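Asker: Could you build the full structure based on these sequences and the hints that come with them?
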Amino acid sequence: MSKTAAFGLVPSPTLFGRLMATIDRLLMASARIAIRNGDTPYFGL
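Using numbering that gives the first Met the number 0, you'd call the opening residue of the sequence shown number 0 and step up by one each time.
Hint data in this document are derived by calculation from the structure and do not stem from the laboratory. The model shown is predicted, which means the values in this text are computed figures rather than measured ones. For glycine and all other residues, C-beta sits at the position ideal for the given N, C-alpha and C. Among these hints, one or two may not hold up.
As the list claims (entries may be wrong) - What follows is a set of in silico ranges between Cβ atoms, one per label pair, in the way DEER data are often shown:
#	residue 1	residue 2	range
1	37	12	32 to 42 Å
2	3	23	30 to 40 Å
3	19	39	19 to 29 Å
4	36	3	34 to 44 Å
5	14	37	31 to 41 Å
6	37	13	18 to 28 Å
7	3	38	30 to 40 Å
Answerer: Structural data, given as structure tokens:
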């Protein structure tokens, strides 16, 4: 029997949760573009 536990994260259905998920997607897309261009990604807003 495994000594570790795993649980699925359910996406938050609230407006705040969806807003944070959208901001996260935008920041990750920006970081991917910066890495592709050879720059260091800027983290944060």
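Asker: When the structure is checked against the list of hints, which entries are broken? Sort them ascending.
Answerer: Numbers 2 and 6 - these are the hints that the structure violates, sorted from lowest upward.
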